[in-house]
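Protein chains: 2
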Amino acid sequence: MKTLIIIAHPDITESNSQQFLIESTQNLQGVTRHILENRAFIVKEEHQLLAEHERIIFQFPMYWYSAPAILKKWLDDVFTNQMMKGFLNGKELGLVVTMGQSEESFAAGRKEKFSLSEIFKPFEALANKCGMTYLPIFPVALFGYLTEDDKKKILIKYQQYVTKENKETFISEESWFIDRLRLLVEQKKGPEQMRLETVLEAMEENRDNLDELLYLVKEMRYEDD
Amino acid sequence: MKTLIIIAHPDITESNSQQFLIESTQNLQGVTRHILENRAFIVKEEHQLLAEHERIIFQFPMYWYSAPAILKKWLDDVFTNQMMKGFLNGKELGLVVTMGQSEESFAAGRKEKFSLSEIFKPFEALANKCGMTYLPIFPVALFGYLTEDDKKKILIKYQQYVTKENKETFISEESWFIDRLRLLVEQKKGPEQMRLETVLEAMEENRDNLDELLYLVKEMRYEDD
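Taken in sequence, the protein lines are chains A and B.
So for the first sequence, this note's numbering puts the first residue at 1; every next one is plus one.
So for the second sequence, this note's numbering puts the first residue at 226; every next one is plus one.
In isolation and in its complexed conformation, chain A is listed as follows (with noise of 0.2 angstroms):
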């Protein structure tokens, strides 16, 4: 799988969130960050772009309950109904979006009232229209005011939201871990690649006991029935 990431922001070298996440993404495989200027776009060139792409991905900071003017103005020049009718159907579409509020008060009672999933309901309307898949929406909240800690697990999630297939399970978040790991495995040398080796082999035996476990909870269930 192919992730495009489209990024909005009126300056990015002063976004400390968005160097971040850059960052993250640097050694990733199949992942084209895409930072969007203020410029006409060549329509003919966004579309090739996003037709080499499964998964879609805008990432902005939360400007009035919605993106920055600049990822409108890509979608209304870029997004045209002939496009729409063809080669979005069946790509996902994933927001990642940074914001200056808790991601708590995103809801009934609080102080935005309204949560995150309702506020970009238009992005979910056009995922609809697309016929894309929608993703749940990866938010950045207080960015300033996370502990190294917090950024770490961020950065894997991050990761993950951009490359990893769209299940919820243990058995899909592992399979990215041991992924990840077989590319580590082939970088490293000596005795460093031994000692991931061993690991990668605890892993994969792990999975196969687990595969197991998951036949015989199945098996059982059946005769439940």
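Check each hint, because a few of them may be wrong.
Covered stretches of chain B (in silico footprint by chain A; criterion: 3 or more residues with CB under 8 angstroms from a CB of chain A, positions within the stretch not fixed) [as the list claims (entries may be wrong)]:
| no. | region |
| --- | --- |
| 1 | 287-301 |
| 2 | 339-347 |
| 3 | 350-363 |
Calculated from the structure, these hints are not laboratory results.
The C-beta atom is built at its ideal place from N, Cα and C for all residues, glycine as well.
Fit chain B to the given chain A structure using the hints.
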């Protein structure tokens, strides 16, 4: 009450619906139309304009379940946090949305899946944040297919949306008509003025009767409790 209509459309001269709406408010008092052009906004001037009006209306065609990019640019530029803390509080925010789909298609189970209230949630959140009263959305669907009769009905409803106080009562509706009629009586002369005066008198007498009736109903309800 003074009303500011902020119009966002890439080419107003080419839009029959925008032309119709603009003409509909041509003779209304206390209404300012502000057509957004693709240029840098002078924030201070825009703030001044907002400060001078109590009802703010965003008028635009729906593009990808939101306003055209130019309105978002205006919002991102003009709605500063500093401003927000101050003078928007207590004002009203309305949306006039032209669209190429039927109103009915915006519902769960229908083609567009989501209601207009859901789709324009970001504007409700904006009003909420700024302490503004959010008015019901005014949709103008499939303008090109409307009969002359339908258009006349929309004209009246639209003029009311722009100038009538925000109360869904019969009395509020009647007051609006009486006020408009009074203006007309002043402009006319001779027998036409007399005829209109007779209508006006009849309506006002009617209202007195209605007031008495409403009072009576209230009394009866009170006795029932």
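Right, here's what the structure says about each hint:
no. : hint    : verdict
1   : 287-301 : holds (count 12)
2   : 339-347 : holds (count 5)
3   : 350-363 : holds (count 4)
Checked against the numbered hints above, the structure violates none of them.
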